[in-house]
Amino acid sequence: MGRADPEEGQLPAPVKPPDGGWGWIVLFGCFVITGFSYAFPKAVSVYFKELMKDFHVGYSDTAWISSIMLAMLYGTGPVCSIMVNQFGCRPVMLIGGLLASSGMILASFTTNIIELYLTAGVLTGLGMALNFQPSLIMLGTYFDKRRPLANGLAAAGSPVFLSSLSPLGQVLLEKFGWRGGFLIMGGLLLNCCTCGAVMRPLDMGMKRKMEKTQDKYEAKEMLPIGGKSEEGISTTDGTKKAKKAKKKPKKGKKLLDFSIFSNRGFIIYTISKFILVLGLFVPPILLVNYAKDTGVPDTEAAFLLSIIGFIDIFARPACGMVAGLKWVRPHVAYLFSFAMLFNGLTDICSARASNYTGLVIFCVFFGISYGMVGALQFEVLMAIVGSQKFSSAIGLVLLIEAFAVLIGPPSAGRLVDALKNYEVIFYLAGSEVVLSAVFLAMATYCCLNREKKTPPPEKTPSAGGGSDTEEAESDVQEGEEHSSDNHQPARSTDNAVVAASEEANHVEDEQSGEGGRGPEGGREVLAQAGCNADQTVERDSF
1 MGRADPEEGQ LPAPVKPPDG GWGWIVLFGC FVITGFSYAF PKAVSVYFKE
51 LMKDFHVGYS DTAWISSIML AMLYGTGPVC SIMVNQFGCR PVMLIGGLLA
101 SSGMILASFT TNIIELYLTA GVLTGLGMAL NFQPSLIMLG TYFDKRRPLA
151 NGLAAAGSPV FLSSLSPLGQ VLLEKFGWRG GFLIMGGLLL NCCTCGAVMR
201 PLDMGMKRKM EKTQDKYEAK EMLPIGGKSE EGISTTDGTK KAKKAKKKPK
251 KGKKLLDFSI FSNRGFIIYT ISKFILVLGL FVPPILLVNY AKDTGVPDTE
301 AAFLLSIIGF IDIFARPACG MVAGLKWVRP HVAYLFSFAM LFNGLTDICS
351 ARASNYTGLV IFCVFFGISY GMVGALQFEV LMAIVGSQKF SSAIGLVLLI
401 EAFAVLIGPP SAGRLVDALK NYEVIFYLAG SEVVLSAVFL AMATYCCLNR
451 EKKTPPPEKT PSAGGGSDTE EAESDVQEGE EHSSDNHQPA RSTDNAVVAA
501 SEEANHVEDE QSGEGGRGPE GGREVLAQAG CNADQTVERD SF
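At position 276 of the sequence shown (counting the first as 1) the number is 276 in my numbering, and the numbers step up by one without a gap.
Since the hints were made in silico from the structure, they are not lab data. The beta carbon of each residue, even a glycine, is placed where N, CA and C say it ideally should be. Treat the hints loosely; a few may be bogus.
As the list claims (entries may be wrong) - Mimicking DSBU-like on lysine-lysine, the simulated pairs with C-alpha atoms at most 30 Å apart in a straight line are:
| no. | residue 1 | residue 2 |
| --- | --- | --- |
| 1 | K49 | K292 |
| 2 | K42 | K145 |
| 3 | K326 | K420 |
| 4 | K16 | K145 |
| 5 | K53 | K292 |
| 6 | K42 | K420 |
| 7 | K292 | K175 |
| 8 | K326 | K16 |
| 9 | K145 | K292 |
| 10 | K53 | K175 |
| 11 | K53 | K326 |
| 12 | K49 | K326 |
| 13 | K53 | K42 |
| 14 | K49 | K145 |
| 15 | K326 | K42 |
Stated by the list, open to error - Derived DEER-like restraints, expressed as beta-carbon distance ranges:
| no. | residue 1 | residue 2 | range |
| --- | --- | --- | --- |
| 16 | P297 | M52 | 16 to 24 Å |
| 17 | K145 | E115 | 42 to 50 Å |
| 18 | K53 | K326 | 55 to 63 Å |
| 19 | D417 | R329 | 22 to 30 Å |
| 20 | T194 | A418 | 46 to 54 Å |
| 21 | F310 | F403 | 47 to 55 Å |
| 22 | C349 | A418 | 41 to 49 Å |
| 23 | T299 | V328 | 36 to 44 Å |
| 24 | V360 | N191 | 30 to 38 Å |
| 25 | C447 | G20 | 28 to 36 Å |
| 26 | T294 | P410 | 19 to 27 Å |
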């Protein structure tokens, strides 16, 4: 996936996604990778108190570990895209798993907070980034019709791992200390290498089967009746060599395709996603402190995040199933807008919640809306740009989101320190999410209306945005039509010539019997038969 053919120097032909089979193993690997990528930076926070005691630093200093991990996960998107387009998904994921594991193992031997930033923050964050993005690309390669459901199931890895890694980290901290916990967590991250190993490229095996079938068909068609098979085999080999010679001058795939910025749908999605990220992560970050300030005990305040995670586990697959329905999938962008609108209104309506019951109701609705957003965000991007350009698109989108992640939550924290009021923060975060939903819906509606008024341009192989199934079927149909067009004129020409020669022989026999006519009559009949043959060729060719 994502590699140019080293022998031919061109892109592999699009292959029809199987929508199952080995794809379910790929889906499970993507589930594990998504869980580690999103849950691990949050689960590390259970070690912060021990780190503050050992290194004599404050909470804000230790919080930079999680921030650096997230910044590497989002900010290194273009680097991941370039590596995937150059080397493929499986090698990049194997390297990423080794980097993520080695970062946590080295972090267990650090002696100051700066070394923790470089090991647990930079190295582990880069390793998880090299796993997260290729796993999503492979998921889009193996699934087309069931892709919304596959994205929903893979996205469910985030709440599942968050609800399991945090208690596990607490147990490891109590038994082995933070250094032993980091060492064991580093060993767990080696499972990313296992997930990378199962990401088998889809195009190579399918392409070889298609080539064998095509070679047999060409040899059978080119063999004359009673001819030798060696002639057909040699002809087929010559045809393959000629094809390779023609394909060599073509250029390989771009390392980072910036042509996606010419896609209006991608521009709309990117702007909407930037506005969304500004306010999406603010409520869950401030929720526990907000509950404590309203008089909720510490244990019950921490349980609020567990409620969100539990609801999120079921919301993501359910939303993926809904998005995969025939009458919903063509309008998945509007469903994504509805999910964002639901999330923003939940923040605004719960801003004045003053008791524990009100906060529990907020967590239930926030978990549903947050799960819908998580299940649909990458499905909408795949639908806009297509799987062929998804590797470049997701890298650029994550880079733009990195700036929003660094702006949104820190700005909200500063406003809380300045205003001492959480109500304003919830209003502000909800308004940003609602704005992103309205912008996506209105801009998508306007663009669709404009495209309906103007006639659609002719499809070209380089145009993105279509599904892999349609591209593969169109290529097969074009090849069949081309082969039938090549065979039909030759057969019609042979039939016409044979008919003309038989008619000429018949005329000569009559002339020899009568003896009254010369060869001119035969020439006239032959010429007339030749004209009929030409007409037959023209009629058959059209």
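Evaluation of the provided hints:
The straight-line distance between the Cα atoms of K49 and K292 is roughly 19 Å, inside the 30 Å bound, and the hint therefore holds. Between K42 and K145 the alpha-carbon distance is near 33 Å, which puts this suggested pair outside the 30 Å criterion. With a C-alpha separation of about 49 Å, the suggested pairing of K326 with K420 is violated against the 30 Å cut-off. A threshold of 30 Å between alpha carbons decides the hint, and for K16 with K145 the separation of about 11 Å falls inside it, so the pair holds.
Using a Cα cut-off of 30 Å, the hinted pair K53 and K292 holds, with the two alpha carbons roughly 24 Å apart. Annotation: proposed proximity of K42 to K420 holds, straight-line Cα distance about 25 Å (limit 30 Å). Of the supplied pair hints, the one linking K292 and K175 holds, its CA atoms being roughly 29 Å apart against a limit of 30 Å. Between the alpha carbons of K326 and K16 the distance comes to roughly 19 Å, so the proposed pair stays at or under 30 Å and holds.
Note on K145 and K292: the hinted pairing is violated, with a Cα-Cα distance of about 46 Å set against a maximum of 30 Å. As the CA atoms of K53 and K175 are separated by approximately 17 Å, the hinted pair is consistent with the 30 Å bound. With a C-alpha separation of about 56 Å, the suggested pair K53 and K326 falls outside the 30 Å cut-off, and the hint is violated. Between K49 and K326 the CA atoms are separated by roughly 50 Å; this puts the pair beyond 30 Å, and the hint is violated.
Distance restraint check for K53 and K42: the Cα-Cα separation of roughly 20 Å lies within the 30 Å cut-off, and the hinted pair is therefore satisfied. For the suggested pair K49 and K145, the alpha carbons sit about 47 Å apart, so the restraint of at most 30 Å is broken. A distance of roughly 37 Å separates the Cα atoms of K326 and K42; the hinted pair therefore is violated under the 30 Å criterion. Between P297 and M52 the Cβ separation comes to about 23 Å, which falls inside the hinted range of 16 to 24 Å.
For the pair K145 and E115, the supplied restraint of 42 to 50 Å holds, since their beta-carbon distance comes to about 49 Å. Checked against the hint of 55 to 63 Å, the pair K53 and K326 passes, with Cβ atoms roughly 58 Å apart. Between D417 and R329 the beta carbons are some 45 Å apart, a value that contradicts the proposed interval 22 to 30 Å. The hinted range of 46 to 54 Å is satisfied by T194 and A418, whose Cβ atoms lie roughly 47 Å apart.
Taking the beta carbon of each, F310 and F403 are about 32 Å apart, not inside 47 to 55 Å as hinted. Between C349 and A418, the C-beta spacing of about 24 Å breaks the proposed range 41 to 49 Å. Between T299 and V328 the C-beta distance comes to about 41 Å, which sits within the given range of 36 to 44 Å. Checked against the hint of 30 to 38 Å, the pair V360 and N191 passes, with Cβ atoms roughly 34 Å apart.
Our hint of 28 to 36 Å for C447 and G20 holds, since their Cβ atoms are close to 33 Å apart. For T294 and P410, the hinted distance range of 19 to 27 Å is satisfied, since their beta carbons lie about 23 Å from each other.
When held up to the earlier numbered hints, the structure conflicts with 2, 3, 9, 11, 12, 14, 15, 19, 21 and 22 and fits the remainder.
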